[in-house]
Amino acid sequence: RKEVEQDPGPFNVPEGATVAFNCTYSNSASQSFFWYRQDCRKEPKLLMSVYSSGNEDGRFTAQLNRASQYISLLIRDSKLSDSATYLCVVTLNTGGFKTIFGAGTRLFVKA
Amino acid sequence: GAVVSQHPSWVICKSGTSVKIECRSLDFQATTMFWYRQFPKQSLMLMATSNEGSKATYEQGVEKDKFLINHASLTLSTLTVTSAHPEDSSFYICSARTGIGNQPQHFGDGTRLSIL
Chain A
8 RKEVEQDPGP FNVPEGATVA FNCTYSNSAS QSFFWYRQDC RKEPKLLMSV YSSGNEDGRF
68 TAQLNRASQY ISLLIRDSKL SDSATYLCVV TLNTGGFKTI FGAGTRLFVK A
Chain Y
1059 GAVVSQHPSW VICKSGTSVK IECRSLDFQA TTMFWYRQFP KQSLMLMATS NEGSKATYEQ
1119 GVEKDKFLIN HASLTLSTLT VTSAHPEDSS FYICSARTGI GNQPQHFGDG TRLSIL
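Taken in order, these protein sequences are the chains called A and Y.
Our numbering applies: residue 8 is where the first sequence begins, and numbers increase by one.
Our numbering applies: residue 1059 is where the second sequence begins, and numbers increase by one.
None of these hints come from the bench; they were simulated from the model.
Possibly wrong hints are sitting among the right ones.
[Claimed, not checked] No more than 30 Å apart at the CA atoms, straight line, and that leaves these computed lysine-lysine pairs for DSS-like: (1) K52(A) - K86(A); (2) K1122(Y) - K49(A); (3) K1099(Y) - K49(A); (4) K9(A) - K52(A); (5) K105(A) - K1078(Y).
[Unchecked claim] Beyond 10 Å from chain A on every Cβ pair, some chain Y residues (computed): (6) P1066; (7) S1076; (8) G1119; (9) L1126; (10) L1171.
In this text, all values refer to a predicted model and were calculated from it rather than measured experimentally.
No residue lacks a Cβ here, since even glycine has one placed at the ideal position from N, Cα and C.
So that you can see chain Y by itself, here it is in the shape it has in the complex:
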């Protein structure tokens, strides 16, 4: 149980392109979803937290107009990296949690984004 699917796994695109990443909870309803990014050999960095049907809460230093998050249903959240540039290249990982906040998060497979 508690499977989270993230798509696509890899994206390589030109600078200036907008990239959309999907995160789906396959066998449970995710009341809260999280988006992280991780650079090589570094820790996970939380970008934003989203609850179904409400606006995402962004961490300090994360531009909400750059990283658009939509959590339209209890099983789907999307992250759109708008007008991506090489410095946005990173490993983006979503996670989902059901029920109350002290439950564990379950992670998607991650999306490796490379901007040329």
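Okay, chain A solo, but in the shape it has when bound:
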């Protein structure tokens, strides 16, 4: 089992749609959680951190469920510019900090 698993993609949605990405992690020692987006042929960019209390940034909402070891990202009112690959990232401490990137889920938003 992969340490961080994401929904297989790609997701193809129309503009204005709501889309949800799911991510699960296998190590209960995981400490911090992030969502990044990566555009084609570009570097990953931090989208938001994820907290147990949930956090929202405009159209984006991230949730963490530690009991289920599950992370989600919800995008409301999708824009064409949201088209990208979304990476679920987990950091754990096993005697030293290690950051694990999910394989990413590709999103295509179409007009």
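Assemble chain Y onto chain A, guided by the hints.
Just chain Y now, with coordinates in the frame of chain A:
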């Protein structure tokens, strides 16, 4: 805040050339820097982790004599691809992190390396 600059953005050179890539944290001190490579449509692959003033820790399968990493200061790390060959052509991306290990990494713009 948390800006990471990577230079150069593009490199095209002949086989056998050594190529040096710089990664700088512009507005924070990076206690740890990471080097990744990424092939088209594939995931990021961590090559090595470096802490300022100490030797880099390489991932399994990454040749340390091929990919020389230097992290001489809290704001600069360099990756040198020695005697590059066409199979080394890839997208190389650095990232930097400050403070304790559960903080997010911030990425440079990446360097697209093409070896002819």
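Hints the structure violates: just list their numbers, smallest first.
-> none
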